[in-house]
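*Asks:* Required output: the full structure, derived from the provided sequences and hints.
Protein chains in written order, with our numbering: chain A, 2 to 248; chain B, 2 to 248.
Hints may be right or wrong, so weigh each one.
[Unchecked claim] Chain A regions said to be covered by chain B (calculated; three or more residues, Cβ under 8 Å):
# : region
1 : 8-18
2 : 83-93
3 : 124-134
[To be verified] So these bits of chain B aren't anywhere near chain A, every CB distance computed over 12 Å:
#  : residue
4  : GLN21
5  : ASN83
6  : PRO85
7  : ARG140
8  : GLN142
9  : ALA143
10 : ALA146
11 : THR151
[As the list claims (entries may be wrong)] Below, computed lysine-lysine pairings styled on BS3-like, alpha-carbon distance capped at 30 Å:
#  : chain 1 : residue 1 : chain 2 : residue 2
12 : A       : LYS75     : A       : LYS47
13 : B       : LYS47     : B       : LYS75
14 : B       : LYS211    : A       : LYS75
15 : A       : LYS211    : B       : LYS75
Keep in mind that the hints were calculated from the coordinates and are not lab data.
Cβ atoms here follow ideal geometry from the backbone N, Cα and C, with glycine treated the same way.
Number of protein chains: 2
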Amino acid sequence: MNILIRMAFLGTGYHGFQVQAPGRPTICGTFQDALQAVLGTRPDVKGCSRTDAGVHARAYCLNFHYDGAIPPEKLPLALNQNLPGDIRVHSATEVPPTFHARYSAVEKEYTYELLNAAIDDPFTRGQYHRITRPLDENRMQAAAALLRGTHDFATFMNTGSPVNDTRRTLTHLSVARRGQRVVITAAADGFLYNMVRILAGTLADVGSGKTPPKAVVDILAARNRQNAGPTLPACGLFLHRVVYPGL
Amino acid sequence: MNILIRMAFLGTGYHGFQVQAPGRPTICGTFQDALQAVLGTRPDVKGCSRTDAGVHARAYCLNFHYDGAIPPEKLPLALNQNLPGDIRVHSATEVPPTFHARYSAVEKEYTYELLNAAIDDPFTRGQYHRITRPLDENRMQAAAALLRGTHDFATFMNTGSPVNDTRRTLTHLSVARRGQRVVITAAADGFLYNMVRILAGTLADVGSGKTPPKAVVDILAARNRQNAGPTLPACGLFLHRVVYPGL
Chain A
2 MNILIRMAFL GTGYHGFQVQ APGRPTICGT FQDALQAVLG TRPDVKGCSR
52 TDAGVHARAY CLNFHYDGAI PPEKLPLALN QNLPGDIRVH SATEVPPTFH
102 ARYSAVEKEY TYELLNAAID DPFTRGQYHR ITRPLDENRM QAAAALLRGT
152 HDFATFMNTG SPVNDTRRTL THLSVARRGQ RVVITAAADG FLYNMVRILA
202 GTLADVGSGK TPPKAVVDIL AARNRQNAGP TLPACGLFLH RVVYPGL
Chain B
2 MNILIRMAFL GTGYHGFQVQ APGRPTICGT FQDALQAVLG TRPDVKGCSR
52 TDAGVHARAY CLNFHYDGAI PPEKLPLALN QNLPGDIRVH SATEVPPTFH
102 ARYSAVEKEY TYELLNAAID DPFTRGQYHR ITRPLDENRM QAAAALLRGT
152 HDFATFMNTG SPVNDTRRTL THLSVARRGQ RVVITAAADG FLYNMVRILA
202 GTLADVGSGK TPPKAVVDIL AARNRQNAGP TLPACGLFLH RVVYPGL
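*Replies:* Now the structure itself:
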């Protein structure tokens, strides 16, 4: 039986999704510990994305195969009883045998969340990047509109994972302010390494007045990481949604 | 110089505001440690309210007197550098010598925040009370309207702190849903011990169908704690606003 799990996690205490050396807790390893406790076996787990250390997820997806001795609808409660409170399983559903949480995904949506304030927020520590200087979200939104579509996004990629093709289709990129929060939402068929964090850093430079909105056209066309803004820290990044056809 | 401090804190790690025995961290004690570090003295601090262990505040107010060697506008940054991240000072302003954070307050507003869901939220742990059974916020709002005004609120008080007069004026009581969140907002000239948490427990009983909305009229009139709903846990309670005339 192939099971799709949807879950939320606060990434602050984890070294990303992918299992690492012992002593470095990861989302995948912690989830497999819970599977072991519930199923008595430790299935291989396929995650929808290798999130970096400190990145959060509101709707992370993963899948694994098991013999089905426990009906899928009983898994969320059983797994949550064996998971720490910073990881919560929302649902478990049977999917076709060929389903793969990473390769079956046709779109992913991330948010990058900024606190535009002089003082940190004690209620959401580790869940935003704070920028003190005033951000003009209208400038940011104008720049975002110029980056949407199918482009070579080599400018917005850090080296780290080799890729053959740096073209991606950014189906959505928008900026919205809610009080002191400025939220950047980005959806694409796939993202390059650190792409959302570099887009966020570039848009923040536009919002603060350092970069003119229209300059992002040349920044994109340069296909050179040096032309973009900084890679903002992992703590502001949330995997928000993963789209699978027919699910 | 009499200084009014406005600050936010996440109460999860503290045994309430009031200083207690050594080894039990409190908001007041932690704030005085920061004052000691910044001013070199440890002034007496008057808080607007004795919040219980685990209660949070978005706009807690306190005042203290000091010689004014450091201008008030420099205090927030200096204090925040000496406070843990779960306490953040928002402002420091000079107020008249007779100002007292507790006795000068004419109104306080609290929110009680419910998560109406089967699964906990990893991003706001310790910042809500979770109720699984569906809550009808319209029923709750109807009941809330019947409790507003000047009444003897003895029904909604736990024993613990002796009071002569249990009459209070509830200037505002409302219930609003935002997705899975149900937020109860209560404002009054003053609150009895655990009053908001018992009001919240009673309204939750109305929302879940256990208590008819109109029954709160008799519950209030009984002036008997036994007639009200449960005292909901401290983690859902936020001091939201304190009103001082002319400030």
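*Asks:* Indicate, hint by hint, whether the structure satisfies it.
*Replies:* Status of each hint after checking the structure:
Counting residues of the region 8-18 of chain A whose CB falls under 8 Å from any CB of chain B gives 3; the rule of at least 3 is met. Three residues within the 8 Å Cβ limit are the bar, and the region 83-93 of chain A against chain B gives 6, so the coverage statement holds. Look at the region 124-134 of chain A against chain B: 4 of its residues bring a Cβ nearer than 8 Å to a Cβ of that chain, three or more, so the hint holds. No beta-carbon of chain A comes within 12 Å of the beta-carbon of GLN21 (chain B); the shortest separation is about 21 Å.
Here ASN83 (chain B) stays apart from chain A, with its beta-carbon at least about 14 Å from theirs, past the 12 Å limit. The Cβ of PRO85 (chain B) sits about 9 Å from the closest Cβ of chain A, inside the 12 Å cut-off, so the non-interface label is violated. With a minimum CB-CB distance of about 27 Å to chain A, ARG140 (chain B) clears the 12 Å threshold, and the non-interface call stands. Distance to chain A confirms GLN142 (chain B) as a non-interface residue, since its nearest Cβ pair spans about 24 Å, more than 12 Å.
At roughly 30 Å from the closest C-beta of chain A, the C-beta of ALA143 (chain B) stays outside 12 Å, upholding its exclusion from the interface. The non-interface label for ALA146 (chain B) is consistent with chain A: the shortest C-beta to C-beta separation is roughly 28 Å, beyond 12 Å. Non-interface status of THR151 (chain B) relative to chain A is upheld: no Cβ of that chain comes within 12 Å, the nearest being about 33 Å off. Distance check on the hinted pair: LYS75 (chain A) and LYS47 (chain A) sit about 20 Å apart at the alpha-carbon level, within 30 Å; holds.
Straight-line distance between C-alpha atoms of LYS47 (chain B) and LYS75 (chain B) comes to about 20 Å, which keeps the hinted pair within the 30 Å bound. Of the pairs offered as hints, the one joining LYS211 (chain B) and LYS75 (chain A) holds, with about 28 Å between alpha carbons and a cut-off of 30 Å not exceeded. Of the pairs offered as hints, the one joining LYS211 (chain A) and LYS75 (chain B) holds, with about 28 Å between alpha carbons and a cut-off of 30 Å not exceeded.
Hint compliance for this structure: hint 6 alone is broken.
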